[in-house]
Amino acid sequence: MGGAHSAREEGTDGISRRRFLGYVLAGPILVTAADMTAAQSARAAVPTVQPVDFYDLTDLLTDSTMPTAHLITVAVNPDGTVSFSLPRAEVGQGITTAVAMVIADEMDVPVENVKVTLADARPELLFNQQTQGSDSMNSLYTPLRVAAAAARGRLTQAAARSLQAPLPRLKVRDGHVYAPDGRSASYGSLTRAAASERTARVVAQLKPRSTQTVVGTPQRRTDALAAVTGRKVFAMDLDVPNALPTMLCRAPTINGSARAVRNLAQVSSMPGITDVVVIPHTQYIAGGVAVRGATFGQCIDAVRALRVDWGPGTVDGVSESDVLGELMANELPMAPALGQTLDQRFTFYFRPGDPLEPNCAVADVRPDRAEIWSSLKTPIWVKQTIADLVGLPEEAVTVHVSQGGGSFGRHLFADAAFEAAVVSKAIGKPVKLMWHRTDSFRQGRVHPMATSRVRVTYAGQNVLAFDQRHTGVVTDIGEGFGDVFSAMVGHTEAGALGYSQGYFNLTANVPYNFGPVTQQLNEIYELGEFNTSSVRSVYGSDYSTAVELMVDQTAKVMGQDPYRFRRAFARDARMTAVLDQVASAASWGRPMPPGTAQGIAVHREYKGFAACVAEIDCRPSTVDRKIVDAYTGARVTRVVFVIDVGLPINPLGLEAQMMGGIMDGIAQALSYSLHLQDGHFLESSWDNAHYTRQWNTPPEVQVIVMPPTTDTPGGAGEFAVPTSMAAVACAYARATGTLPTYFPVNHFDIDYEPMPTVPPIPQSPTDGLTHSGPTVKGAG
Amino acid sequence: MATDTHPKHKRKRTPTHTFILNGKQVHVNCPADVRLLWVLRDLLHVHGPKYGCGLMVCKACTCLINGRARQVCGVPVGELSDCDHVVTIEGLARSVGKELHPMQRAWLDYDVAQCGYCQPGQIMDAVGLVNEVHAAGRQVTDADLDRFRNVCRCGTYPRIRAAILDAATEMHASSEYGCISPVKATLKRRKPPAFTG
Numbered sequence: 000m001g002g003a004h005s006a007r008e009e010g011t012d013g014i015s016r017r018r019f020l021g022y023v024l025a026g027p028i029l030v031t032a033a034d035m036t037a038a039q040s041a042r043a044a045v046p047t048v049q050p051v052d053f054y055d056l057t058d059l060l061t062d063s064t065m066p067t068a069h070l071i072t073v074a075v076n077p078d079g080t081v082s083f084s085l086p087r088a089e090v091g092q093g094i095t096t097a098v099a100m101v102i103a104d105e106m107d108v109p110v111e112n113v114k115v116t117l118a119d120a121r122p123e124l125l126f127n128q129q130t131q132g133s134d135s136m137n138s139l140y141t142p143l144r145v146a147a148a149a150a151r152g153r154l155t156q157a158a159a160r161s162l163q164a165p166l167p168r169l170k171v172r173d174g175h176v177y178a179p180d181g182r183s184a185s186y187g188s189l190t191r192a193a194a195s196e197r198t199a200r201v202v203a204q205l206k207p208r209s210t211q212t213v214v215g216t217p218q219r220r221t222d223a224l225a226a227v228t229g230r231k232v233f234a235m236d237l238d239v240p241n242a243l244p245t246m247l248c249r250a251p252t253i254n255g256s257a258r259a260v261r262n263l264a265q266v267s268s269m270p271g272i273t274d275v276v277v278i279p280h281t282q283y284i285a286g287g288v289a290v291r292g293a294t295f296g297q298c299i300d301a302v303r304a305l306r307v308d309w310g311p312g313t314v315d316g317v318s319e320s321d322v323l324g325e326l327m328a329n330e331l332p333m334a335p336a337l338g339q340t341l342d343q344r345f346t347f348y349f350r351p352g353d354p355l356e357p358n359c360a361v362a363d364v365r366p367d368r369a370e371i372w373s374s375l376k377t378p379i380w381v382k383q384t385i386a387d388l389v390g391l392p393e394e395a396v397t398v399h400v401s402q403g404g405g406s407f408g409r410h411l412f413a414d415a416a417f418e419a420a421v422v423s424k425a426i427g428k429p430v431k432l433m434w435h436r437t438d439s440f441r442q443g444r445v446h447p448m449a450t451s452r453v454r455v456t457y458a459g460q461n462v463l464a465f466d467q468r469h470t471g472v473v474t475d476i477g478e479g480f481g482d483v484f485s486a487m488v489g490h491t492e493a494g495a496l497g498y499s500q501g502y503f504n505l506t507a508n509v510p511y512n513f514g515p516v517t518q519q520l521n522e523i524y525e526l527g528e529f530n531t532s533s534v535r536s537v538y539g540s541d542y543s544t545a546v547e548l549m550v551d552q553t554a555k556v557m558g559q560d561p562y563r564f565r566r567a568f569a570r571d572a573r574m575t576a577v578l579d580q581v582a583s584a585a586s587w588g589r590p591m592p593p594g595t596a597q598g599i600a601v602h603r604e605y606k607g608f609a610a611c612v613a614e615i616d617c618r619p620s621t622v623d624r625k626i627v628d629a630y631t632g633a634r635v636t637r638v639v640f641v642i643d644v645g646l647p648i649n650p651l652g653l654e655a656q657m658m659g660g661i662m663d664g665i666a667q668a669l670s671y672s673l674h675l676q677d678g679h680f681l682e683s684s685w686d687n688a689h690y691t692r693q694w695n696t697p698p699e700v701q702v703i704v705m706p707p708t709t710d711t712p713g714g715a716g717e718f719a720v721p722t723s724m725a726a727v728a729c730a731y732a733r734a735t736g737t738l739p740t741y742f743p744v745n746h747f748d749i750d751y752e753p754m755p756t757v758p759p760i761p762q763s764p765t766d767g768l769t770h771s772g773p774t775v776k777g778a779g
Numbered sequence: 000m001a002t003d004t005h006p007k008h009k010r011k012r013t014p015t016h017t018f019i020l021n022g023k024q025v026h027v028n029c030p031a032d033v034r035l036l037w038v039l040r041d042l043l044h045v046h047g048p049k050y051g052c053g054l055m056v057c058k059a060c061t062c063l064i065n066g067r068a069r070q071v072c073g074v075p076v077g078e079l080s081d082c083d084h085v086v087t088i089e090g091l092a093r094s095v096g097k098e099l100h101p102m103q104r105a106w107l108d109y110d111v112a113q114c115g116y117c118q119p120g121q122i123m124d125a126v127g128l129v130n131e132v133h134a135a136g137r138q139v140t141d142a143d144l145d146r147f148r149n150v151c152r153c154g155t156y157p158r159i160r161a162a163i164l165d166a167a168t169e170m171h172a173s174s175e176y177g178c179i180s181p182v183k184a185t186l187k188r189r190k191p192p193a194f195t196g
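Line by line, the protein sequences are chains A and B. Take the first sequence: its letters are residues 0 to 779, numbered as in numbering that gives the first Met the number 0. Take the second sequence: its letters are residues 0 to 196, numbered as in numbering that gives the first Met the number 0.
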């Protein structure tokens, strides 16, 4: 409960740290928004050089949203609920819960009364409808609070009139305004009186941190009940009339295109099949041969039956050894060695980038309009592109953002939505289009292969210089991020080097006092066209793992303990704090049996700091443990993770995000990769590409959320990946006595028979009634 | 615009399959080899079971068939008989006469779900695991949990382990969750066709 903060017409007062301008929008019920234009200009102008100490990706993304903050509104409904249409994707990261918490806190309504839905594509929002860079809470926190505070101010003013009580003596609790004598009025009953006939500017007074009662407290997900009862609706669960299952028969090599179908009539007459059509490969879609039918099972049958003449792909004949050679040949030169140096190259192989929900979308394209449903992180770009693809004006295309079954960066691209639109137009019917899992591994977007060279120059007990040259297959950032970079850094040094350069320069850092540090990225276009995307943490997982392994190597030659060495060279008190916390909670340095060890790592990004201690068991009895149809290998037995995000909104959700990132980090360090051979990836199943499963889950995982260190939330979604991957790699090096120089460390243990590439997808088993789990070696 | 809500049946009349879905008898017309996952999702519009691989590997589609956890992406609908009980996540709570099954409640207590896509399969497999372990007269062990194959790409594995152990305790304490149906899976089984990759 708190006193009634005022929301006054502008001009009566200046704007302080907790006073912002907001709007009350014209309408029958109360609808409010924030005006963040002043907040934006208060920050330094976009600089031409971006050392992350002064301006980083989070600043860039947040600044890009401020000019349109006033278009994001909070509405108070007559039933007392508060509606917010969120211009971000919910893909499991918990943003809808966190947003509901922020609004509930500022307005003093129960969290469950805040109804958060995902907004359709709204081009007028410009850069304010993208979900990336772990920036959602950083960019939304203050605008949401301003809009909510403006609403609360208007509602209490209306209550003062209605209850005929003095404004300063009103109290607000659980969506009701109380007069000193106990009489009350609900928000729902006040919304019409609080509404405005004309759009008006108001001053919104934010709550002081000390009176926030929801922000910073653990809150369960608002969609948890729907998730555990099967009622949560994903794109493929929508029953759009006549949108029948649709799949594509895809090429045997990456980006190969279909030329002709030899047995079109035969496949068209297969049971359940309604349409078979060749979809050409273009810049936006992989293409192939689309089949539409009564069930996805019958689509699988049809895809497998198709006899297709395929044209060449974009990397035909290329294997990963060729890629490695090309990367090494294109590494930028290191700084000259001026003293004693430690030099090392690390290789990071291709990794899958897809979540569990496959690429999918529903599309209904008519001659005069189109409607699309999909989990999308860049819906405005998708709407504009689909308008182009199907030849309709932008305003005739409606793009709905569905709840996403994971993303990890994947939904910055909309391959399924583009395909669905093109197929629906081609056959003149609605489609429910889904990729087969095997398509995701073989034709999907991947984390690009890269090398990272590090040179540490040192003398005695001091590091004199630190250089890193990161060289990779091109990360496709241009389309998903392009608008922001072109607008915000297009004329700067970082922007001129390309979007991925800009991204790298705004994120990469070495958080130690190591003298002059240079980190440079070189991405190789000559390798041909791979399908890549900014997979969770993008460059961070790789460059940071290389840095942290070399930090350990440096500590070793200086005869220092890895934790004490990091602490001695830490550049920031927040970094020292997370290091101390993790070392203490994990009992750093405790005796461990031979073949097992602890590893420690730290990462700075997203306006925060993280530190991780991983314990690993590399003894043969563990590495060779037998689990049916499982890749086992070294096991991480314990992880302690400390996270400082500035202001944590929902510690329970933050813990979940860290836990998931830790599983990614373990997978990327030890077991999760793709093998490029002769123009295609060998993997076709979750049992080939070894993402962490229960048998590799640490029995003990502890996440410690640091108390608030700032008054705004930093990023969370990607944070744990680089930190935990580096900690696991460091633990592996210490347990085995051997520095791992490529990742994942099991990359050359191929424990399965690759499936053929024609037909491109496997048939489902038929013996599922007799047992549970995979049956056929190679199938799973 | 062309419509084809009733897909063409070009060769011959498709057979009718009958089974018990979440306590109610259902009939569906389609070829016998269509896997139950697609019968549920595409023909009966029961969307709880999810597709994640079609290879019985990720287990996002797991349902209970006569009390046992089964991956319905690998069950041809023609294998079911009219007395086979199929329970999806939508019918789980009702199958034990509760608002929520103890496993679902444990899932809420531990705030297990992230994106939620794999969770129906995780929960159904967890119920199947606990039923089988209890039927064998023992408790869930770490080794059982290590073998729990379901993919969660969000990585909420530690909370899954905690929730299963928690629910198993409650299920063990009550005879209400005894669970593997005495109705044997029907034996109109043919030799499965060879897998051709």
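Take these hints with a grain of salt, some might be off.
Said to hold, decoys possible - Quick partial rundown of chain A residues pointing at chain B, CB under 7 Å, derived from the structure:
1) 227
2) 231
3) 283
4) 391
5) 405
6) 436
7) 514
8) 515
9) 524
10) 592
11) 595
12) 596
These are computed hints drawn from the structure, not numbers from a lab. Glycine included, each C-beta is placed from N, C-alpha and C at the ideal position.
A quick look at each hint next to the structure:
no.	hint	verdict
1	227	holds (4 Å)
2	231	holds (5 Å)
3	283	violated (24 Å)
4	391	violated (15 Å)
5	405	holds (5 Å)
6	436	holds (4 Å)
7	514	violated (37 Å)
8	515	violated (37 Å)
9	524	violated (30 Å)
10	592	violated (19 Å)
11	595	violated (18 Å)
12	596	violated (21 Å)
Hints 3, 4, 7, 8, 9, 10, 11 and 12 from the earlier list are contradicted by this structure; the remaining hints agree with it.
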